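Visitor: What follows is each chain in one-letter form.
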Amino acid sequence: MISIDNVTVGYGTVGFITAVDQVSLTIGDNEIVGIAGESGSGKSTLMRAIYGDFSTGLGIKSGTIAGRFTDAASDQTIEKPSSQFRDLWWDQISYIPQGSMSVLNPLMKIEQQVVDGLPKRERGGSRKDLRARIAKFLAGFGLEENVLDAYPHQLSGGMRQRVLVAIAAFVNPRLILADEPTTALDVVVQKKILLMMVEIQRRLQNTLVLVSHDLGVHYQITDRLVIMYKGKIVEAGRTADIFANPQHDYTRNLIASLPRLHGQRAVDRVGAGA
Amino acid sequence: MSDAPILEVRNVSRSYRKGGFFGGTHFKAVDEVSFTLPAKPQVFSIVGESGSGKTTLARMVLRLVEPSEGDIRLLGRPLTGKEGRINDLEFRRLVQPIFQNPFEAFSAYLPIEDYLRRTALNLRVAKTVEEANQLADRALRSVNLSLERIRGKYIRQFSGGELQRISVARALIPQPKLIVADEPVSMVDASLRMSIVNLFRTIVEEQGVSFIYITHDLSTAYYLSDQVAIMNRGRVVESGVPTDILDNPTEAYTRELMAAIPTVGERWSELEDIGRTYPTHSSRQQTGSNQPPANA
Chain A
1 MISIDNVTVG YGTVGFITAV DQVSLTIGDN EIVGIAGESG SGKSTLMRAI YGDFSTGLGI
61 KSGTIAGRFT DAASDQTIEK PSSQFRDLWW DQISYIPQGS MSVLNPLMKI EQQVVDGLPK
121 RERGGSRKDL RARIAKFLAG FGLEENVLDA YPHQLSGGMR QRVLVAIAAF VNPRLILADE
181 PTTALDVVVQ KKILLMMVEI QRRLQNTLVL VSHDLGVHYQ ITDRLVIMYK GKIVEAGRTA
241 DIFANPQHDY TRNLIASLPR LHGQRAVDRV GAGA
Chain B
1 MSDAPILEVR NVSRSYRKGG FFGGTHFKAV DEVSFTLPAK PQVFSIVGES GSGKTTLARM
61 VLRLVEPSEG DIRLLGRPLT GKEGRINDLE FRRLVQPIFQ NPFEAFSAYL PIEDYLRRTA
121 LNLRVAKTVE EANQLADRAL RSVNLSLERI RGKYIRQFSG GELQRISVAR ALIPQPKLIV
181 ADEPVSMVDA SLRMSIVNLF RTIVEEQGVS FIYITHDLST AYYLSDQVAI MNRGRVVESG
241 VPTDILDNPT EAYTRELMAA IPTVGERWSE LEDIGRTYPT HSSRQQTGSN QPPANA
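Residue numbers (the UniProt record's numbering), protein chains in the order written: chain A, 1 to 274; chain B, 1 to 296.
One chain only, chain B, in its complex shape (with noise of 0.2 Å):
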C-alpha cells in the first residue's frame, strides 16, 4: 500500500461547451494529461499561462471538477467512478487545498481559531474542542505561528503573507498526504515569497506531504519543485526535472515562456531595437516635442 504512487493521473480530460445556445463546440481545457506522483513526497509543479488549463487540472485533483475523460487515482484507488471510489470524509483528509486568495478563504466573521478547530471537528481529526485546540496549534507550531498568536484575531487583522501561512496550516491539521496549492504566492510580497515557499519544502521533508503547486511562475516552480511540467492550451508540452527544462528547453513554448520574464542579469535584446518605427498620426508631428496641432 505504502508503494503506491500518491496520485496518478491518466490520460485526462476535461471539456467545456463553448457559445452556441443550441449545439456549440466543445473546448477541452485540459487536453489528454498524464502524470504520476510517485510515494516518496515531493513537489510537482505545473507551470502555464492564463487558460493554459493549469487551475481545470487542480480542481480536478481536489475533486470540484469531473474529468470528462480518464482516470485519476490516489494511493492506488480511484477518485471519481462507482466502483472502489473514496468517500468525501477520507478524501478530504487525505488531500488538501490552498488557495492564491486567503482573504477569500476563510469566513471574515470568525474568529480565525475558530475556524481552525471547525476544520478539526468537521474533519472529524478531533473529537473535543481540546483535541481540536492542540491540532491546530501543532499545524500553527509548523508555519511558524501558534494559537496563542492569532487568539481573537479575524482575517483582516492579518497582512496576506501571515494569513497564506495560516491557510498552509489549516490544509496542515489532517495530516493529508498531498496539498494542491494553487498560484498560493502570486499575491505574497515578494519578500516574504520566498519564505513560504520554502516552507513547503520544510513540510516536504519534514512532515512527508507532498505538493501539487500550480503556478504561472517559472521561478519559484524551479527553485521549488522535483518535477516540473509545462502546460500550453490544455497539454503538458514538456515535462521533467526543472534543472534539464530550464537548461536545455526542447520546447519552444518553453523558451518563449522563459525569454518572457523580466530576470534581473539580463536585460532583454528586444530593447536595443527599440524605438526605430513609431504610429503616426495627424494631429501633431512625430518630431518627438510638442508641435501646435495641426486642426488648431
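Looking at chain A on its own, in the form it has when it is part of the complex (with noise of 0.2 Å):
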C-alpha cells in the first residue's frame, strides 16, 4: 500500500532541519501499524510525510514515499508518490489529528464540516437523504443525530474525537492515518475510541497507521509496530514479537519503564521509609 524507500525528511524553512532520517518501511494492506517514539523522534514528521502535507515547509530530501490504491469508481489502480496525494485525501486517505478542538471550525456546526470534507461522489443526492446517511452512519457508533447540529464547543473532548473518527470512516478510505488521536483523552473515553477504530479497520479490511508516544496503546491494538528514535527507526516487527523481545536497548528501556498497575513500587524500591 505504502512503500517509504529510504527516506530523508525535514523542515527547509530556516536551512534544512533532519527530522527523519533514512527511514524504510513497507505498509501492506489490512493491517494497523503502530509508530511509537517520545517527542522529537520523528513520528509526527514521517506521518506528515506519508499523508502528503508538505504544505508547512516540511520537505523530502531524498528517498521516496510512494501508494498505491484502487480506485473505487474505474477500480483501475493508482499509483504515485505521497507528493500528489492530496487528490485522494478524504477519499482513499483519511487524516484523524490530535486536537480535536483546533481542527474543528469553532464557528461551523459540525453538519456543515462532515459536508464540506466530503469528496464530490458523496454529495450526489440531496442534502436531507446525504444527512440521513451521515446520521444514520453516527448512529452506528452510538453517536446521536443531534451532534450534527452542534456547534464544536457544546461537544465533550472524547465526542468530538469520535465524530473525527466517524467522519474518517465514512467515506470508507482504503488506508487511516492517525495522529495521537486519543492524547488529550481520558483512559475511559481513550478505550473506546481505539476499539471504535479497531472495529472500522476489521470492516473495512483497510489500513491503519497509528502514531502514539504510549506503549500501551500500541500493545493494545496495533498488528505491527515501529519504535522511532531521532529520528531514525530503531526497530520493526511484529508487536506481539517486540514486546516479548525487544531487540533494541532503546526499545528495552521503553517497556521497563512502562508503570504496571501491579507488581513493584517506588516504596519498595527506597525500603519503605523508616
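In case anyone wonders, no lab produced these hints; they're calculated from the structure.
On a predicted model such as this, the values are computed, not experimentally measured, just so you know.
The reader is advised that the hints may include incorrect statements.
As the list claims (entries may be wrong) - Subject to a maximum C-alpha distance of 27 Å in a straight line, what follows is the list of computed DSS-like cross-link-like pairs (lysine-lysine):
# : chain 1 : residue 1 : chain 2 : residue 2
1 : A       : 192       : A       : 61
2 : A       : 136       : A       : 120
3 : B       : 127       : B       : 82
4 : A       : 109       : B       : 18
5 : A       : 80        : A       : 120
6 : A       : 230       : B       : 153
Unchecked claim - Computed beta-carbon distance windows for the label pairs:
#  : chain 1 : residue 1 : chain 2 : residue 2 : range
7  : A       : 230       : B       : 11        : 46 to 54 Å
8  : B       : 83        : A       : 230       : 52 to 60 Å
9  : A       : 151       : B       : 152       : 46 to 54 Å
10 : B       : 131       : A       : 59        : 46 to 54 Å
Said to hold, decoys possible - Which stretches of chain A does chain B cover? Using the computed rule of at least three CB atoms under 8 Å from a CB of chain B, they are:
#  : stretch
11 : 186 to 196
12 : 251 to 258
No residue lacks a Cβ here, since even glycine has one placed at the ideal position from N, Cα and C.
Assemble the dimeric complex from its two separately framed chains, guided by the hints.
Guide: Structure representation (C-alpha cells):
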C-alpha cells in the first residue's frame, strides 16, 4: 500500500532540519501499524510525509514515499508519490489529528463541517438524504443525530474526537492515518475510541497507521510496530514479538519504564521509609 | 506541634454557578471531601479523570481557590477564615506547587537561575544574592542538576524533563513541608517519567517533604504513593493503600478506570468481539473492498 524507501524528511524554512533520517518501511493492506517514539523522534513528521501534507515547510530531501490504491469508481490502480496524495484526501486517505478542538471550525455546526469534507461522489443526492445517511452512520457508533446540529464547543473532547473518527471512516478510505488520536483524552474515553478504530479497520479491511507515544496503546491494538528514536527506526516488527523480545536497548528501556498496575512500587524500591 | 498532621481536609466543597445570567444552577466541583496527611512524610495521590474535581481540590489546598464549605488545616492551623489564618509568606514557605507544564510555569524572559534566585529572595529565605545562590544550588543538586549546569540558560534551552526537574528544585528552595504537584509528569516523555516519579520518592525519604500528587494516571499513582484517593464527579469514591485498592477494588468506577488503562501484558477482552456489526451508508457497499458508489 505504502512504500517508504530510504527517505529523509525535514523542515526547510531556515536551512534544512532533518527530522526523519533515511527511513525505509513498507505498510501493507489490511493491517494496523503503530509508530511509537518520544518527543522529537520524528514520528509525526513521518506521518505527515506519508499523508503528503507538505504545506508548512516540510519537504522530502531524498528517497521516496509512494502509494498504491485501487480507485473505487473505475477499479483502476492508482500509483503516485505522496506529494500527489492531495487528490486522494478524504477519498482514499483519511486523517485523524490529535486536537479535535483546533481542527474543527468553532463557527460552524458539525454537519456543515462533515459535508464540506466529503468527496464529490458522496454529495450526489439531496442534502436531506446525505444528512440522513450521515446520521445513520453516526448512530452505528452510538452518536446521536443531534451532534450534527452542535457547534464544536458544545461537545466534550471525547465526543468531538469520536465524531472525527466517524467522519474519517464515512468515506470508506483504504488508508486511515491517526496522529495521537487519543492523547488528550481520559482513559475510559480513549478505550472507547481505540475500540471504535479497531472496529472500523476490521470491517473495512483497510490500513490504519497509528502514531502514539503510549506503548500501552500500541500493545493493545496494533499488529505491527515501528519504534523511532532521533529520526531513525530502531526497531520494527510484529507488535507481539517486540514486546516479547525487544532487540534494541532503547526499546527495552521504554518497555521497562512502563508503570504497571500491580507489581513493584517505588516504596518497595526505596525501602518503605523509616 | 510536630505531631499535628501536615494537612487536614474536612468536608470541603466548592461549588460554581453554571449557566444563566439570572439564576442558573450550582454545580459542585468538589463535594464534601475529607482526608488527612499524617505528620510522617508521605505521598498522597488524588486520581481522577477530567472534571472529577481533582485540580479544584489541589487549588484549594494551595489556597488559590476558597472552599465554599468545610475547612482545611495545615499543621493544625486554618488556611482560610479570619481567625489564626496562616499569613501568605509563611504559607508559601510551607506549601509549594508544581504544575503540569513547566514551560508555562517559568518566565521565558529570565535566565532560569535568576528565577530561582528571585524565589529565594521573595520568600525571604535568603537575605543576600549569595545566600540565594547557595539555596538554589542546593535545591538543584537534590534533583541531580547544579547552578553551574543551568547558568545563563533560558527555558527553551531545556528539555521538558530537565525543566520539570528544575520546577521541583524551585519548589524545594524554601524547604517546604508539603508539595502539591498537579499532573507533574503527564507532559514528560515516558522514559523520563519514572525518573521524576522516583525523584519524588527520594525527596520524601531524604528531605521529609510530603507530596500531594494529582494525576489521571492510576499506574504512576500506584507506583509512587502511600495512600491514594480516587475521585469521580467531585467525590472521593474510594481511598486507602494502593495495593489494597488495586488488588481488590470495591467501587465499580475504580474497576472501570483500571479496565480502561492500556496496560502491557494483557489485551482488552473486548477486542475479540469487534468487527461483527458495522454501520453502513448507501454510497458504497459494506463489503470491505471498494465498490462503485451508488450515485456515480
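Visitor: If a hint holds in the structure, say so; if it doesn't, say that too.
Guide: Tested hints:
Between residue 192 (chain A) and residue 61 (chain A), the direct Cα distance comes to roughly 39 Å. Violation of the 27 Å bound is thereby established for this hinted pair. Between the alpha carbons of residue 136 (chain A) and residue 120 (chain A) the distance comes to roughly 20 Å, so the proposed pair stays at or under 27 Å and holds. With a CA separation close to 30 Å, the supplied pair residue 127 (chain B) and residue 82 (chain B) exceeds the 27 Å bound. For the suggested pair residue 109 (chain A) and residue 18 (chain B), the alpha carbons sit about 23 Å apart, so the restraint of at most 27 Å is met.
Among the hinted pairs, residue 80 (chain A) with residue 120 (chain A) is consistent with the structure: their alpha-carbon atoms are about 21 Å apart, no more than 27 Å. Distance hint between residue 230 (chain A) and residue 153 (chain B) is fulfilled; the C-alpha atoms sit about 23 Å from each other, no more than 27 Å. Judged by the Cβ atoms, the range 46 to 54 Å given for residue 230 (chain A) and residue 11 (chain B) holds: they are separated by roughly 52 Å. Residue 83 (chain B) and residue 230 (chain A) have their C-beta atoms about 59 Å apart, which keeps the hinted 52 to 60 Å range intact.
In this structure the hint that residue 151 (chain A) and residue 152 (chain B) lie 46 to 54 Å apart at CB holds, the actual value being about 47 Å. Between residue 131 (chain B) and residue 59 (chain A) the C-beta distance comes to about 53 Å, which sits within the given range of 46 to 54 Å. Coverage of the stretch 186 to 196 of chain A by chain B holds [criterion: at least 3 residues with CB-CB distance below 8 Å; count 7]. Coverage of the stretch 251 to 258 of chain A by chain B holds [criterion: at least 3 residues with CB-CB distance below 8 Å; count 5].
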